[in-house]
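Taken in order, these protein sequences are the chains called A and B.
If you're matching positions, the first sequence starts at 1 in the numbering used here and goes up one per residue.
If you're matching positions, the second sequence starts at 1 in the numbering used here and goes up one per residue.
In short, the hints are calculated from the structure, not lab data.
The beta-carbon is built from N, C-alpha and C at its ideal position, and this holds for glycine as well.
Be aware that one or more of the hints could be misleading.
What the hints assert, rightly or not - Derived Cβ-Cβ restraints for the label pairs, each shown as a range:
no. : chain 1 : residue 1 : chain 2 : residue 2 : range
1   : A       : L122      : B       : R129      : 26 to 32 Å
2   : B       : R176      : A       : A110      : 34 to 40 Å
3   : A       : L7        : B       : A109      : 24 to 30 Å
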Amino acid sequence: MATAPSLAERLNGRWHERALQVFMAVVLAHWAEHLAQALQVYVLHWPAEEARGVLGLWFPWLVDSETLHYGYAVVMLVGLWLLRAGFVGRARAWWMAAFWIQFWHHIEHALLQGQVIAGRNLFDSPVPVSLAQLVIPRIELHMIYNTIVFVPMIVAMYHHLLPTEAERERMHCGCAIHPDLTVA
Amino acid sequence: MTVRRAVRVRWTTVLACAALACAALAWPRPALAHHGAPVRVVADRRVGPYVVSVWTAPDVGMGMVYVVYDAPAGVPAGVPFVVPTTVRVGVAPASGRLPESLHDARSEAVRHGARFVAHVPFDRAGVWRVRVATTGPSGGGELTAWVDVAPAGAMGPAGILFYASPFLAVAALWSRAAAARRRASGTLRARATLASS
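Could you put the whole structure together from the sequences, leaning on the hints where they help?
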């Protein structure tokens with residue numbers, strides 16, 4: 001008797017396309033917040049500390065807290081891991097590259113949280129610091145991390161939508177442009 | 001069956017880890033990774049009865065100056081550390097275009113020594129002088145450091161384009177997929193026409 005597919009199997013099978021769309025919507029919402037911040041600073045000329053994006057207009061404490069940012073890092077990590085099995089071939093390699101970069105990004109956030117919880121900071125710093133902040137000690141680090149996770153994600157999705165014949169034969173989802181045609 | 005169970009256990013572990021992470025987020029903390037980390041501009045300089053380090057996060061707008069006090073080497077164990085009474089931080093552009101502005105630093109809780117933090121205004125990028133004046137029952141003194149103040153977002157208005165780029169990337173992916181879809185359905189239609197004729 002055939003057993004019903006598990007949630008993971010569904011997410012990487014017939015629900016893969018929809019799951020990827022939802023995941024991408026979350027990722028783009030995060031970028032939209034940063035875009036809104038940039039517009040607030042450079043177009044509306046708001047002071048940097050008051051430019052908290054759209055969400056921050058109603059929930060300023062949330063945007064200023066680690067809760068939202070660490071939560072987003074966790075959501076990204078879980079999403080990249082949950083949806084990995086649906087990718088094959090080149091798409092899988094790029095997707096996993098995004099996953100491992102995000103894994104390290106999460107470790108950095110965990111290091112910061114750990115210093116706050118332990119009450120001791122690395123390198124005698126007066127505030128908690130992450131390892132990459134030693135090399136790139138400014139706000140741009142967050143942007144760099146988001147970019148280097150996003151780029152391989154997009155490349156993975158490109159190869160996933162337009163797979164080679166061999167790759168498409170191994171896919172269990174309906175994400176490829178047309179299952180009956182080879183798209184070069 | 002065994003494979004299915006193993007898979008379930010793995011997912012349970014992932015969910016448990018996620019739940020633990022969420023538990024660690026249960027109370028709000030400052031967004032640590034999204035402000036620049038401070039840079040040490042003075043390391044272990046002797047000022048009166050203290051060994052002082054100064055760290056700054058010199059962003060245009062509101063910058064931060066951290067002053068860290070420790071006892072000098074050779075102080076016997078058990079001798080209590082005397083916390084400075086007042087710490088004031090003066091900042092002025094090196095060009096001399098503005099007079100020095102003085103700001104009180106407030107004490108922060110630390111496990112050993114003492115730490116004070118001051119919020120100081122830097123109206124423009126450039127080199128600024130930072131002067132720290134310390135007074136306390138055991139004595140005090142002053143020290144001066146120079147810091148390079150820079151905008152918090154180094155990209156400037158180009159940041160708008162940068163943050164818009166993911167949307168452009170997704171739009172490009174979308175249009176590429178749509179073109180491929182059109183081509184594929186065109187091929188299907190052609191095949192159907194051929195088959196019917």
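Now the hints, each set against the structure:
no.: 1; hint: L122(A) x R129(B): 26 to 32 Å; result: holds, 29 Å
no.: 2; hint: R176(B) x A110(A): 34 to 40 Å; result: holds, 37 Å
no.: 3; hint: L7(A) x A109(B): 24 to 30 Å; result: violated, 45 Å
Of the numbered hints stated above, the single one contradicted by the structure is hint 3.
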